[in-house]
Each structure stands twice: as structure tokens, then as C-alpha cells.
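Protein chains: 2
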Amino acid sequence: MSKSYWIWHPGAFELYHSMLLHNRRTSAKTVTENGVKTRKSAYYPPMWRVDGPPHNAELMKKATIDNEEVIELFSNTDDCAIRVDGKKYPKNTKITLFPGEHTVELMGFKAESFPAFYIKGNVFNTDRTWTTYNNNCQPNRHAGQSELYTDPHDNVEIFKFKYEKMLPVSKKAVNGGVLYDFGREKFGKIIIENAQDGEYLFSLGESYEEALDIDFCQLCVNATVKDGNFTSVPVAFRYIFVPNIDTPLDISLDFEYLPLETRASFECDDDLVNQLWKTCEYTMLLNSREGFFDGIKRDRWVWSGDAYQSYFVNYYLAFDKEIVKRTIRILRGAEPMLKHINTICDYTFYWLCSIWDYYFFTGDKGFVFDIYPDMLEVLRFVEGRLSPDGMFDRKSDDWVFMDWSTFDPAGPMCAEQMVLCKSYKSVSLCASLVGDTVTRERTEKQSDYIKEQINKLYWCEEKGAFIDDYNSGRENVTRHANIFAILFDLTSEDRKKSIVKNVIYNKEITPITTPYFEFYELDAMCSIGDFKYMTDMLSSYWGGMLRLGATTIWEEFDPTKNGIEHYEMYGGKYEKSLCHAWGASPIYLLGKYALGVYPTDVGYSKYEVKPNLMSFKHFKGAVPTPNGTVTVEMNADHVTVLSKIDGGTLVLGEKKYSIEKGKELTVAL
Amino acid sequence: MSKSYWIWHPGAFELYHSMLLHNRRTSAKTVTENGVKTRKSAYYPPMWRVDGPPHNAELMKKATIDNEEVIELFSNTDDCAIRVDGKKYPKNTKITLFPGEHTVELMGFKAESFPAFYIKGNVFNTDRTWTTYNNNCQPNRHAGQSELYTDPHDNVEIFKFKYEKMLPVSKKAVNGGVLYDFGREKFGKIIIENAQDGEYLFSLGESYEEALDIDFCQLCVNATVKDGNFTSVPVAFRYIFVPNIDTPLDISLDFEYLPLETRASFECDDDLVNQLWKTCEYTMLLNSREGFFDGIKRDRWVWSGDAYQSYFVNYYLAFDKEIVKRTIRILRGAEPMLKHINTICDYTFYWLCSIWDYYFFTGDKGFVFDIYPDMLEVLRFVEGRLSPDGMFDRKSDDWVFMDWSTFDPAGPMCAEQMVLCKSYKSVSLCASLVGDTVTRERTEKQSDYIKEQINKLYWCEEKGAFIDDYNSGRENVTRHANIFAILFDLTSEDRKKSIVKNVIYNKEITPITTPYFEFYELDAMCSIGDFKYMTDMLSSYWGGMLRLGATTIWEEFDPTKNGIEHYEMYGGKYEKSLCHAWGASPIYLLGKYALGVYPTDVGYSKYEVKPNLMSFKHFKGAVPTPNGTVTVEMNADHVTVLSKIDGGTLVLGEKKYSIEKGKELTVAL
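Heads up: the protein sequence lines correspond to chains A and B, in order.
Using my numbering, you'd call the opening residue of the first sequence number 1 and step up by one each time.
Using my numbering, you'd call the opening residue of the second sequence number 1 and step up by one each time.
Chain A extracted, bound-state conformation:
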């Protein structure tokens, strides 16, 4: 028997779970009822259109079998049928296929969610090789499947998280109530047992200050205990404050998480960095769910810009292909595309970039084939909004984000052109992969054209840097475009040197203040061999949070702030996320630049190990690849590499050493 998967119309699973997750956000509101002021949890709708899954599916497979096989259809809907060589059967019927050619068609409908099918078999087992047909208007596409759903008893409508019962690590009476501390940020259902029936308010906090500040807490749960019990919807918190109770309630947590296997590690002589790496890992794991979330408390939404960075962290942490593919589909949504992804132009561009990156890291050609038609639709949408010569143009209903920073707002921004240019390159590479020559040629040409125009229009010789905009006459220089010019290799080596001097090391240019864009800056700095800036940041920025007691990485950190000032953001007293995925970039930076492991050809078929001791005395760590980890150990005396895959080269300065699979390689320094 071959491995069977639950299958569905491509994207249906991701659309369904995306719809659910994007509608789970709540926010606490103060409401006065019958003269009594109280805090109520209120539904908070998504900020962009969220699409439901298609409720119909038709999938088929045509194949010749040499041996008889008996197949039986399982489905999550009764409105379904299986047609074998033109003859229709209901589900749960054993059908014998004799040797020869057969055409098997599956059809189903489910109003409440989406139809899914499962068949055990040798050739006609359900998996990605089945294709759509007929009336879905997306014919000849591969079926959707997930590694999480391979058993006939699986329920594809329930996302397969793992669960673990947890108790608070402490509780104490305070302010006329009880404050529970779960030790660090958690996510899951709060469970009350053996309590007196009635209404209880749970004021939740990532900090204890937030939990105790009932009037301003971001999240709360209004618990109605009946027959002594209550179970909440899943929520994120570290602290729970229950006001107006004398004796502590019997509270526990049904911790809910995606069982991602961390395949990476990093340990060095600096304990703060070791603690940081572990904290980044936990932060990342809490935000890795149906897709990559921005933060586990506030939005719990999937944002393309945030996810784009999470992909890179993931390639250096769990190397989980499934979550990347799910995230890409969640972000894509369904047709018609009428607004940018998350309503942000650059976020659409990152989405396009992410597909080639995914292929380059994983070598998973199948997914590129599957997503390619969706990619073309995105490109079509983008091109419908470009200027006549195909450059980025600022439309009135676009959110031109790039970063929380002040740019010259006059016209089309240089940094946007650069991500657009890179996304054209991604499309052209994917087009080449799937054999779409016409698109490949056209997009490659356009990518080259945009690069040329960027260098022509946005380069300011006087300032030796790229400017935000060439229309305003202000010649405003920010770091963003200049960082991209280096990182995406968009200009000459001479100009890069000029940028390093005139922008990167120029203290008069406004510094990057968000950890979001810091990811790109640190990546660019490391790529030009300046590791000190990064290791200093590990200590000052990330270390600063840890020294304040952070057990997960925050959305933003400003060392000049004090006390609960740290928790303020977007105008809300506690609106800042204290467990934010984009803070986990040290995992990527240390893996790529300290351990120095990175692919030089698709799917790590070739890769280099170029370790840098940086400011460390020694370190040891592992980087995951599709087929096994690469372990690197380094101190001032030697480097040792042990790899489970072929194709590696150890690069030490000018010297190169071939890495043999499974054989430890030690080179003295």
C-alpha cells in the first residue's frame, strides 16, 4: 500500500483554517450594563477580505494498474460519490479494480466547511497526484494534501495541534482577587473545575501589570461556570487575574501548540546569547501554527511581511516545509485578488519573492507547480497597478508600508521598486522551472529594466546613496532602499561600497528602529562581513529585553522607556505584543553567519559552511537542511563540521575543503 493522504481542492484546507483563525481575534471592551461597568471580550474582524474555501470539489486520477486493488472512499461529507470508469458508488463501498486502465473520479460538497476524500490503495491511494476537473474553473491542478492528515479517521476540519495540560506556576491574592502566573507566555484554553457556578472575569496579561489593569487589559475572558466547569476559547497570556474572588479557582490550561521539531541548535560561551537563542526559539514556536503568526496575543493573524522573515528563521530552526506552504496559501486567499495581500503593496511583493526562496531552500518543485497559476494571478493584479512603463506606482488605496519609518512620501518609493524588482526575478525563476518560457522572458526583462531604472532614477551621486524619491527634489536618504540594494544585489560593487560608507556607517542617517526592518539591516551588515553590529545588537537590543525579564521576544524594544511604558504601542496601554515572531531573527543570523551554513544550489544540493567566530570564544550548533543537519563547532583553534548530506564545502578565507557526508571534518585555524 502506498501512503495515503486526505485530499481536497487545492487551497481549500488552508482557506478554511485561515478563515477561522483570522476571525478568532477579540479585544476587551469596557461596557456598562445596568449601571455596572465591566470588561467584555468583543469580536474583532480581520482587516482584509478573508475568503472561505470552495464548498465543492471534484478530483480524478487516471492510471493503469498491474495488480488488482480494492478501494473504498472515505469522506467528511455524505454529499459525495466515487465514479469508477463511469459507474457511480456511494462512499464506504468496497470497489475492486482489476488490472488495466481506470479512471476514478471523486465528487463532493460540504456547506459548513469543505469536502475532503481519503482512499487507501496502491496506485489509487489519495495524494497530490489526483487532479481537479470539470466545474471548479481551476482544472488540472494537483489536489491539496497535508502531512498532518494521513489517517482515514482524521478530521481535516480540526487543525491538528497537540495539547498538554498545564498548571499555573504560582498564584497570589492581590487587589481583592487572585493573580495566576503560568511562568511564560502560553496559548490554549483556560479550564475551570470544581468552581461555584456564576460569572467570572479573567483579565489576561502578557505582563502582570496588564492582567491587574482590568480597565485596560487587551484580552479578557467572560467565563460562565456551569455545573462547576468552564472551558474558554483558546487565548494567549502569561498571567490571569480573576477579580472579586476570595479563594483561588481551580484553573488549568490546555496548552495548544504545533509539534514542530526544532532541528537546529546554537550554544556558545555567552550565556545571554544562549538564553536569547532559546527565547527566540520559544517565541517562534508559539507563533508557528496554521501558518506563521505575527504575535500570539493581539492579532494572531498572518501578515506577509512578518511571515517572509519567519520563513528564513524556519529554514534555520525547524525547516518545516508544511508550515511555509500553508502560510503561502493562507496569504494568497482566493480569487479575485482585488487588494494587495494584507492590503500592503510590499507584502504582495514579498509573497512573490517567497516562492522562489522556498524552492531554493527546499528543492520542492511540486509546490512551485501547484502555486504557479496563483502566482500569475498575483502578478496580473500587481501589473494592473503599475505605471505605464511597469514600475511601482503609488495608488490611493494601497498601503505603502515598508516600515514604521518616515519616508519621502512624494511618489513611488525606491525600496518598493526594489522588492518589486526582486519579485519579478522570483516569478521569472519559477516560470523557468515550470517551463513557461513566455513569462520567464518577459518577467526577467522587466526585472532587469526595473533594476536599471532604479540605478538611473534613484541614485544620487552627490550623496552616494539611493534616495527615497526622485520627484520631490528633496533627495531624502533612508536606510531601507540602501539595505535592499546590498541584500538583493541591485547595484554595482562600487555603489555598494559607497552605500556602506555614506548610509550604513553614517550616523546622520536615521537609524532603523524596528526589529522588523532590523532583520534586513543585520542581514545586509553580516553579508558585507560586519558582524560586530549584529552581536552588539544581540546584547543591547535583545539582551535589553532579557535583562528586563522577557521570556519571549517583544514586538519592539526601546531601552529609554521605563516600566509599563514598554507595553504601550499603537495607542494602547498594553497593545504591544510581547511574543512577536519577527524578534526571532537571531536564529537565522547566527545560523547563516556564525555557523555559516547556507545553500548555494537548490535544496542544499550544494552548500557552503563559512563559519565566523564573531565575538564568541567558541560555539557549537546545527543547521537543518531537507535531508539532515549540518553541525558546526568553532573556537579560535579549529573548526569541526559534521554533515548528514552531500554537496558541502567548508570555506575558510580563501581556502575551501570538501565536506564528506557523515564524516567529521576538522580544520585547524
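Hints are computed from structural coordinates only; laboratory data are not their basis.
Quick caveat, the model's predicted, so the values are computed rather than measured.
A couple of the hints might just be wrong.
[Unchecked claim] Chain A is faced by these chain B residues, among others (derived, beta-carbon under 7 Å):
#1 80
#2 88
#3 90
#4 103
#5 107
#6 137
[Said to hold, decoys possible] Restricting the straight-line Cα-Cα distance to at most 20 Å, the calculated cross-link-like pairs of lysine-lysine (PhoX-like) are:
#7 B:88 with A:37
#8 B:592 with B:606
#9 A:87 with B:592
#10 A:29 with B:88
#11 B:62 with B:120
#12 A:40 with B:94
#13 B:592 with A:94
#14 B:87 with A:29
#15 A:94 with B:40
#16 B:507 with B:592
[To be verified] Just so you have them, the derived chain B footprint on chain A, three or more residues with Cβ under 8 Å:
#17 226-232
#18 507-515
For each residue, glycine too, the CB sits at the ideal point set by N, CA and C.
Here the structure of chain A is known, so what remains is to put chain B in place on it, guided by the hints.
Here is chain B on its own, set in the frame of chain A:
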């Protein structure tokens, strides 16, 4: 208090119920299980893409109130909130609005269906005046509402049919089982009570021959009786045969129907015609449900070409605006439009035509405003498939239907150009109504251009008729295009005369054989004053069915066939529908041409009564209008008109008489 409606994102209700209804089709299949051959009901998927509703909704209203009002949100989902002047409340909260300006926003999510809202109030009562906002990508559209859902306890997810318990009119032992006859075609759930537990097969038939022919019946129900009871899904049938039982089961029917009020009547000296009118009425009512169905047994789907004719019958029967609007939305589906409506080009064109017709009959400007953006999307889709000069073009994936007839299949068909031309006209009139001048001018010009090209390219002077195609050189003449030329007023009076002589009265031109296209032929014949052809058909075609015992009108009737040959169609022994909406056209024809009532200006603001005795000795009947019926009585001596509305003119030959509202007008002949 103003009248409140349940409201939703425009179209959500129709998409939801359309999705359910299009997935309710089943067909009986012979299955051998453990060596025993049996008949099983199998799911039969829709033949086109069926869209689900949007699962999110955001609706708002901004208004100034003079008097305080207390509002409270009802919703079918808990994932919802109401925001009043920026402050959010959960549902079921009483909120006081003080005099002044207020902005009220409603937001909600429902995964299993679609979110709906209800508020009682004076100004902030929920109705069509609320508009979409924010993230749905269809901003500033009016909320959807239905006259069927005006109570806070309504459930918008259950279509509001009426129910009536019915018993079989007879039962008899036959073929080792029992045959039940319900007297005429019915629709609803079959209920078994007090039966022995076990499995039963119900073989259903529109004819008793079908019910008894287990191996070939179109529909069956596999009943599992538990605790003595069973209730089926709703099905259509007149006869039920239960094989292998000795004593009759206690079977009843929960008859399910839309309570449409017939506001028309027709009675004359010809009993067959009287019986026919009543049979047409019943046929029409059985097929009038969420939308207009083609037939109640087989598909129970909504087809645009069929529905287009049902609209006209409806304007002369119940004049129910709601079902027309629902049908139009059901046919439209959701974005993106990737295939023609029902996959048939002409069906898309009829859809476009139907909107202006609806407005012309009803005067309901609001609906045209609401559907107009969807109309433009349809036009955009259509235009993406036209030839470079904007004429109809035959694309490989288009179903060019027009009729079950043999056309010259060489190139773009004349009749298609004609419906396209009419649909451009409809768009231009609607554009004019909503004030979209650019579209009005463009589409009017294109309509004129197509008309001109039709007359230039497709007119054959030699044959004095329009030909199917001008490329093939075959100069094939069929009736279809020539009928449309008259009916849609697409050519000169001289050419019309030529058509009448060379096509209509030319027995060498293949006759129309389907009642579907007969609708247009009879309409055209009557419009040129030839009523004999129509009244002869009433007797021969429709009368032929009645004489064979038909209690509902069939999909097709061929008097040369015998016995169960009548029930064969599409290659199935009983696949013909014996209760088919398109057979009900006599209601329209008798109302429009015998009673002679028709609007001459929008919404019957002006109308004419131009009665024709035809072959009758006398008749009396009523025609509904938006604001009341018009009753007409006629014999050889006189005509009497009684109208409940203003604006009427009685036309008798060259003479015209003003009809005074509420006052009987009798004119001697």
C-alpha cells in the same frame, strides 16, 4: 418603529441557498453489494461552479435622529459586534442613541453559513439602506434583505417554505410491493411512521411506470427506519413504489412549497384551455422556490434560459418581485466570473436582458442600483470573449446552446448576436438609470453597431431571411434568429414582412420542436397578430399532454410517441421532466395577448389593454401589476375592463379609451 429586515452582505443569502439547492440533486444508481443488486441514491454534483457566500460581513449606517431610540443587535452568530460612534458592544445589548448624528457599524463572521443582523429601531432599523464598508472589496453597496425575513426570531439559514401534511390518494399491492399515488406531482419529505425497523427502498416516479421500474427509476430514497420512523430529504414524485413489503407502510408527505400568491386568472369557454391554465399554474408554482427551477424532479437547478421565460410567466401570474431578484442573484454567483452562466453563452446574455425587463415590469429602481456593479462584471467577462470588433465569437470552451436544434455550426451564430445585441441594450438602459453616462453611451453605440452588423452580415436577400452564419457559404436558415429579429425589433419593417413570409409561414424551414423555443416563436407570432398558431398549439401540443393525463406540464411532448416512450430524454428511460417550468408559457401568452394587458412605461405607470378574442367565445381573466390587478372580460359583443391602477388605455383597433382606476369600463364591439 420602522419595518426591520434581517440584513447581510449583498448576495450572501442567495449564494448560500443557491449552494445548498444546487447540491441537492441525486440520481438512482444500481449497485451490487455482497452479490445483491440494489438501487442507491447517489450525490449528483452541479455542472458549473457554485459559489459559497462570504462568511464575513460589515455593514454600516450613518444618520441623524431627532428622537432618542434604543437599539439592540440580533445576529445568527456569536462572532459579531456592534460599534456605535466608535464604541463596541456585544449583541443583545440595549444601546440608547440620543438625538443627533450617529454611525452604527455591524460586523460578524459565520463559518458554517453567512452572518446576518437584525435591529429593531426607528431610523437604525436594519434594512437595505445599510451599506457595506471596509474589507469586503465591495464597498458602498446596499445590504441584502428579503421580505421573507422580518422577524428577529427568523433563521435566515433555513429557507422559509411552507409545509402541509399530505396523504397518498391511493395505494395498491403490485409486483410484490405497494404503489402509492399522491394524485399529482409533489415535492417534500417522505415520512414513515409506525413501521418495522429496517431498510426500505422507495422507488419514485413522476409516472407509475417509472416508480415500478426499479432498475431505471431516476430517483430513489434508501430509507433506514429506526424506532418505527423515517424522514427523507425533500424529493419530487407523484408515485412511490416500495418493493418487498406485504402490508402498506404508514407513508405521508410533508409537502414543501413557496407560498406564492397567484394574482392572475384566466377562464374561457374552452374547458381544455381552462384546465391547461390551471395545470400551467401548478407546474409554475412547484418550480418556484429559492429561485425559478427548470424542473422539480431531475435537476432542480436554476438555469438562466429557463428562468428568463419564468420571469415573464411570473409577471403574468404571481408578479412576485422577490423570486425574480433571488433568481437573478443565484444565477450571477460570485466573483470571479470565469465561465458563462450555466456555462452557456446565450444564458449569460439573457441574464443581462433580464435586469432591464425586471425594472420595466416592476419599476424597482433599487434593485438595478444594487445589481449594477455585478452587471458590469458580467459585461466585462462577455467583452473579454468577443471578437475584436465586439461581436459574438465562438470560443472553444463556450456552450453555444440557443436551442436543441441543428444550426450551421461554422461560426458565430446570428441568434447569439441578436441576444448579445439585446443585452447591450439592457446594460445601456440600466447605465442610464444609475447615471453611468460613459457606459450608457458606449453600450448603446455597441448595441446599434451589432444591430447594423447583423443586418449587414447575416441578411440573405435571396432567401429573404437571416441566415445562421455568413462564413460557411451554406446560407442555412433556421427560425431562431428570424423570430428574434421580430421579437427584439432588430430589423426593418420590410424585412420583418419578408421573414414572416419566407420563414415563419414557410413549412420548408425546420419547425421549432422544443417548448423552450416555442415560447419565443409563439410570442413573435402573437406580436404580429397571428393568434391561431398559438391557440392551435394550446390544443395540439399542450392539450395533447392533458389528454394523456398529464397533471403538470412536461419538458417536451411529441404526439407521435407512445406509452413510456414519452418519458425518455437525454438517453435515460425516465429522464424527461414531467413538471417543467418552461411549459407554463400559455399563462404569459394568454395574459399578454388574449387579455391583452402589458406595460408601456416603467412599472405599469402606463399600460395598455388590447384584448383579442382569438378562437374563444368569451373569456375573463386578471393580470397582476405592481399595484393591483387589471381584470378583462370579453365576448363577441363587448369588452369590460376593471383596473386597480392608474395609467391604462384600452386599445380596440384604432380606437383608444382611457381606463379609470377602480371604475369598470365597458365598450361594445
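Evaluation of the provided hints:
A cut of 7 Å between beta carbons decides the hint on residue 80 of chain B: the least distance to chain A is about 6 Å, and the hint holds. Against a cut-off of 7 Å between C-beta atoms, the interface hint on residue 88 of chain B holds, since the closest Cβ of chain A lies about 5 Å away. Interface restraint check for residue 90 of chain B: the shortest CB-CB distance to chain A comes to about 6 Å, inside 7 Å, so the restraint holds. Interface restraint check: residue 103 of chain B against chain A, minimum CB-CB distance 16 Å, threshold 7 Å, status violated.
Annotation: interface hint on residue 107 of chain B holds; nearest CB of chain A at approximately 4 Å, less than 7 Å. The beta carbon of residue 137 of chain B is positioned within 7 Å of a beta carbon in chain A (closest approach about 4 Å), and the interface hint is therefore held. For the proposed pair residue 88 of chain B and residue 37 of chain A, the alpha carbon gap of about 14 Å is at most 20 Å, so the pair holds. Distance hint between residue 592 of chain B and residue 606 of chain B is fulfilled; the C-alpha atoms sit about 15 Å from each other, no more than 20 Å.
A C-alpha spacing of about 48 Å is found between residue 87 of chain A and residue 592 of chain B, which places the hinted pair above 20 Å, so the restraint is violated. In summary, the hint linking residue 29 of chain A to residue 88 of chain B is supported, as the alpha carbons are separated by about 7 Å, within the 20 Å threshold. Under the criterion of a C-alpha separation no larger than 20 Å, the hint pairing residue 62 of chain B with residue 120 of chain B is consistent with the structure, at around 16 Å. Straight-line distance between C-alpha atoms of residue 40 of chain A and residue 94 of chain B comes to about 15 Å, which keeps the hinted pair within the 20 Å bound.
With a CA separation close to 58 Å, the supplied pair residue 592 of chain B and residue 94 of chain A exceeds the 20 Å bound. A hinted pair counts as satisfied when its Cα atoms are at most 20 Å apart, and residue 87 of chain B with residue 29 of chain A qualifies at roughly 8 Å. The straight-line distance between the Cα atoms of residue 94 of chain A and residue 40 of chain B is roughly 15 Å, inside the 20 Å bound, and the hint therefore holds. Between residue 507 of chain B and residue 592 of chain B, the direct Cα distance comes to roughly 27 Å. Violation of the 20 Å bound is thereby established for this hinted pair.
Coverage of the stretch 226-232 of chain A by chain B is violated. Counting CB-CB distances below 8 Å, 0 residues qualify, and the rule asks for three or more. A stretch counts as covered by a chain when three or more of its residues have a beta carbon under 8 Å from one of that chain; for the stretch 507-515 of chain A and chain B the count is 0, and the coverage is violated.
Checked against the numbered hints above, the structure violates hints 4, 9, 13, 16, 17, 18; every other hint is satisfied.
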